Amino acid sequence: MHYNAGDTAWVLVSAALVLFMTPGLAFFYGGMVRSKNVLGMLMQNFATMAVVSLIWVFGAYSLAFGPDWGGFGLVGTLHFFGLAHSSQPVPGYTGAISQHIPPLAFVVFQMTFAIITPALITGSIADRVRFGPFLLFVALWSVLVYAPIAHWAFDPHGWLYRMGVEDFAGGTVVEINAGAAGLAIATVVGRRRGWPRSPMPPHNVPLTLMGAGILWFGWFGFNAGSALGANNLAAHAFINTNTAGAAGLLGWIAVEKLRGGKSTTLGAVSGAVAGLVAITPSCGFVDAVGAGVIGVAAGVVCSLAVSAKFRLGVDDSLDVGGVHLIGGVVGTLLIGLLGTMATNGSNGFFYGGGLGLLGRQGLAVLASGAFSFAMTWVIAKAIDKSVGLRMAPEDEFEGMDTALHAESAYDFGGSFLRSLGGGSMSNAQ
Amino acid sequence: MKLIVAIIKPFKLEDVRNALTKAGVVGMTVSEVQGYGRQSGHTEVYRGAEYQTSFVPKLKIELVVHDEISAEVVEAIVEAARTEKIGDGKVWVLGVEDLVRVRTGERGADAV
Amino acid sequence: MKLIVAIIKPFKLEDVRNALIRAGVVGMTVSEVQGYGRQSGHTEVYRGAEYQTNFVPKLKIEMVVPDEVSAEVVEAIVEAANTGKIGDGKVWILSVEDLVRVRTGERGAEAL
Chain C
623 MHYNAGDTAW VLVSAALVLF MTPGLAFFYG GMVRSKNVLG MLMQNFATMA
673 VVSLIWVFGA YSLAFGPDWG GFGLVGTLHF FGLAHSSQPV PGYTGAISQH
723 IPPLAFVVFQ MTFAIITPAL ITGSIADRVR FGPFLLFVAL WSVLVYAPIA
773 HWAFDPHGWL YRMGVEDFAG GTVVEINAGA AGLAIATVVG RRRGWPRSPM
823 PPHNVPLTLM GAGILWFGWF GFNAGSALGA NNLAAHAFIN TNTAGAAGLL
873 GWIAVEKLRG GKSTTLGAVS GAVAGLVAIT PSCGFVDAVG AGVIGVAAGV
923 VCSLAVSAKF RLGVDDSLDV GGVHLIGGVV GTLLIGLLGT MATNGSNGFF
973 YGGGLGLLGR QGLAVLASGA FSFAMTWVIA KAIDKSVGLR MAPEDEFEGM
1023 DTALHAESAY DFGGSFLRSL GGGSMSNAQ
Chain V
148 MKLIVAIIKP FKLEDVRNAL TKAGVVGMTV SEVQGYGRQS GHTEVYRGAE
198 YQTSFVPKLK IELVVHDEIS AEVVEAIVEA ARTEKIGDGK VWVLGVEDLV
248 RVRTGERGAD AV
Chain A
2 MKLIVAIIKP FKLEDVRNAL IRAGVVGMTV SEVQGYGRQS GHTEVYRGAE
52 YQTNFVPKLK IEMVVPDEVS AEVVEAIVEA ANTGKIGDGK VWILSVEDLV
102 RVRTGERGAE AL
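Chains as they are written, first to last, in my numbering: chain C, 623 to 1051; chain V, 148 to 259; chain A, 2 to 113.
Bear in mind the hints are in silico, worked out from the structure with no lab data behind them.
Predicted model, so just to flag it, every value in this text is computed and none were measured.
Here a beta-carbon is modelled for each residue, glycine too, at the ideal position from N, C-alpha and C.
One or more of the hints may lead you astray.
[As the list claims (entries may be wrong)] Listed below are the simulated DMTMM-like cross-link pairs for lysine to aspartate or glutamate, each with C-alpha atoms no more than 20 Å apart in a straight line:
| hint | chain 1 | residue 1 | chain 2 | residue 2 |
| --- | --- | --- | --- | --- |
| 1 | C | LYS658 | V | GLU179 |
| 2 | C | LYS879 | A | GLU33 |
| 3 | V | LYS232 | C | GLU1020 |
| 4 | V | LYS169 | V | GLU244 |
| 5 | A | LYS61 | V | GLU244 |
| 6 | V | LYS149 | V | GLU253 |
| 7 | C | LYS884 | A | GLU45 |
| 8 | A | LYS61 | V | GLU231 |
| 9 | C | LYS658 | V | GLU219 |
| 10 | A | LYS61 | V | GLU197 |
| 11 | V | LYS237 | V | GLU219 |
| 12 | V | LYS207 | A | GLU33 |
| 13 | V | LYS149 | V | GLU215 |
| 14 | V | LYS232 | C | ASP1017 |
| 15 | A | LYS61 | V | GLU209 |
| 16 | V | LYS232 | C | ASP1033 |
| 17 | A | LYS61 | A | GLU107 |
| 18 | V | LYS232 | C | GLU1029 |
| 19 | C | LYS879 | A | GLU15 |
| 20 | C | LYS658 | V | ASP257 |
| 21 | V | LYS207 | C | ASP1017 |
| 22 | V | LYS149 | A | GLU63 |
| 23 | A | LYS86 | V | GLU253 |
| 24 | A | LYS86 | V | GLU215 |
| 25 | V | LYS207 | A | GLU107 |
| 26 | V | LYS149 | A | GLU51 |
| 27 | C | LYS884 | A | GLU51 |
[Stated by the list, open to error] Covered stretches of chain V (chain A as the covering partner; in silico rule of three or more C-beta atoms under 8 Å from a C-beta of chain A):
| hint | stretch |
| --- | --- |
| 28 | 149-159 |
| 29 | 221-229 |
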């Protein structure tokens, strides 16, 4: 087997870039929760990195990208369990899409996607879920929800892929999937105590901005890395990613201004993330104009969508539905209008391609969203009924940091009182 | 006039505020304090080292009211702040000799 | 002796301190508190959701002074802290039964 050194290097670097997005997401979310829950949020994200890393190697990768089971395009077999047979080429990637990288580079690159997708869900259930049952949820969800949808849309044998659905880097697999799952698990665990009556504003907006910066940086690996090579298509995806993030930022703050408010920093980075979400499925299929339109559309639509949770009465705490589900839908559908063969793939409606592609994209949106919502609801409900997913009310009031993890994030003066004899220290080990 | 001082559990502030509004009291001053009494604090663990805090976060509420309603206000605070668990706090009442509203210079009962 | 307690707007601290020095008062204790009265707080907006803060940051100043200057000191504080706008705060006066200077053990007016 001949591997291309440039392609391999780019995909390995991209894998590291995408893995870095999960700590970035942790800080993005961590700044938005109340100060008593910031460690709980960071912990869920970091622990997701650990759990999914192992699940991916032992089972989930094979279910997503192993030889198709029964030819239905629904799920792979366990052929690659424990990274067995890892010298064999990844099935389905032949002809124009044949890979020039070691299969293990593909395994680790895809692993980082499998990590950040359940990590995204943490935003919808902030401040109120027990730690152990959360880890159980992540493990089950990776196997039962992420792996199948990844097979559908990313694996050339998957039924959506075969149908001609275009999802370059995970509009369905990552964004719509996480968004729909977030709404489902939020309905199962219920609202935070006091929501929406009590104010729960972000406790550290600079932390959120830093996290957004890390996400934007890592997104180049996410999208341009999905070309699986250091080539012209990767460069298209790279510039389109940046264009859409920029347009999304401006779109969101423009809406804030037009609605009579001020341009906020949280709005700016939320818009950037919305634009980056929407360009994720489309970055390898549209041109510069398409990227700009998709970015600004996502910034505008998501800024309006985030208030829907108050009308729906669902405490999607950090707007996983409003940003990732809606942004993912915008980006996935707009391929049907703005896709162009000049970049890659098929022509969308505006480029003379008819409405067939838009229809296929719509079907992919519905299939991935509905499957994710339903399966997630069942998994969450099962965990809640058996071991219990929700924290005890007194723990929730105290905050996750001390109640679940015996730590506090910020110690402004607390140690001063302790040093006055107001406490004690001992070695617990 | 009386100065009423109450030390309460932080999560009871909302209840106390509502009770005070019902009792017709609109203003108060709140400060974050650390209490040390019969209630013990929480434990934090950093790389195996255990830190036991004895001081517990509390809120101190202060308000000046007319003599004739002070008993009733104290009652309202106590009722709203009570959880019947250790650490519910204390309320005390002091006599105020004079009071001035800074903006208008009104004095005494007029300034309440 | 009197204990004078003043709740003022934070940006007035410097003016009040200068006025107190002119009035011959050299010591005071300042703490950050949150006021809740006729003045309403500011509004913050996060992703379109508005948070109205009811509490307004204030400073609490405390000092013990001899009986005969207390009226004058109150006057000085009120004059220095006044902006004529809502939220200027209140000053109240309590009588102090005894006072001790920790370093020397002096008591009463001697300890002032």
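Evaluation of the provided hints:
The suggested pairing of LYS658 (chain C) with GLU179 (chain V) holds, with an alpha-carbon distance near 16 Å, which does not exceed 20 Å. The hinted pair formed by LYS879 (chain C) and GLU33 (chain A) fails the criterion: a straight-line CA distance of about 34 Å is larger than 20 Å. At roughly 15 Å between alpha-carbon atoms, LYS232 (chain V) and GLU1020 (chain C) fall within 20 Å of each other, so this suggested pair holds. The hinted pair formed by LYS169 (chain V) and GLU244 (chain V) fails the criterion: a straight-line CA distance of about 26 Å is larger than 20 Å.
About 18 Å separates the Cα atoms of LYS61 (chain A) and GLU244 (chain V), which keeps this hinted pair within 20 Å; it holds. In summary, the hint linking LYS149 (chain V) to GLU253 (chain V) is supported, as the alpha carbons are separated by about 17 Å, within the 20 Å threshold. The suggested pairing of LYS884 (chain C) with GLU45 (chain A) holds, with an alpha-carbon distance near 10 Å, which does not exceed 20 Å. Proximity of LYS61 (chain A) to GLU231 (chain V) is assessed by CA-CA distance (about 31 Å); at most 20 Å being required, the pair is judged violated.
As the CA atoms of LYS658 (chain C) and GLU219 (chain V) are separated by approximately 35 Å, the hinted pair breaks the 20 Å bound. Of the supplied pair hints, the one linking LYS61 (chain A) and GLU197 (chain V) is violated, its CA atoms being roughly 36 Å apart against a limit of 20 Å. Proximity of LYS237 (chain V) to GLU219 (chain V) is assessed by CA-CA distance (about 16 Å); at most 20 Å being required, the pair is judged to hold. Of the pairs offered as hints, the one joining LYS207 (chain V) and GLU33 (chain A) holds, with about 12 Å between alpha carbons and a cut-off of 20 Å not exceeded.
With a C-alpha separation of about 9 Å, the suggested pairing of LYS149 (chain V) with GLU215 (chain V) holds against the 20 Å cut-off. This hinted pair checks out: LYS232 (chain V) and ASP1017 (chain C) have alpha carbons roughly 16 Å apart, not beyond 20 Å. Restraint check for LYS61 (chain A) and GLU209 (chain V): satisfied, since their Cα atoms lie roughly 11 Å apart, inside the 20 Å limit. Taking the CA atoms of LYS232 (chain V) and ASP1033 (chain C), the gap is about 26 Å. The hint is violated against a cut of 20 Å.
Between LYS61 (chain A) and GLU107 (chain A) the alpha-carbon distance is near 26 Å, which puts this suggested pair outside the 20 Å criterion. Between LYS232 (chain V) and GLU1029 (chain C) the CA atoms are separated by roughly 24 Å; this puts the pair beyond 20 Å, and the hint is violated. Note on LYS879 (chain C) and GLU15 (chain A): the hinted pairing is violated, with a Cα-Cα distance of about 37 Å set against a maximum of 20 Å. For a cut-off of 20 Å, the pair hint linking LYS658 (chain C) to ASP257 (chain V) is broken: about 42 Å separates their Cα positions.
Between LYS207 (chain V) and ASP1017 (chain C) the alpha-carbon distance is near 23 Å, which puts this suggested pair outside the 20 Å criterion. The hinted pair formed by LYS149 (chain V) and GLU63 (chain A) meets the criterion: a straight-line CA distance of about 17 Å does not exceed 20 Å. Of the pairs offered as hints, the one joining LYS86 (chain A) and GLU253 (chain V) holds, with about 14 Å between alpha carbons and a cut-off of 20 Å not exceeded. The straight-line distance between the Cα atoms of LYS86 (chain A) and GLU215 (chain V) is roughly 29 Å, outside the 20 Å bound, and the hint therefore fails.
Straight-line distance between C-alpha atoms of LYS207 (chain V) and GLU107 (chain A) comes to about 30 Å, which puts the hinted pair past the 20 Å bound. About 37 Å separates the Cα atoms of LYS149 (chain V) and GLU51 (chain A), which puts this hinted pair outside 20 Å; it is violated. The suggested pairing of LYS884 (chain C) with GLU51 (chain A) holds, with an alpha-carbon distance near 12 Å, which does not exceed 20 Å. Counting residues of the stretch 149-159 of chain V whose beta carbon lies closer than 8 Å to any beta carbon of chain A gives 1, which falls short of the minimum of three for the stated coverage.
By the rule of at least three residues with a Cβ nearer than 8 Å to a Cβ of chain A, the coverage given for the stretch 221-229 of chain V is violated, with 0 such residues.
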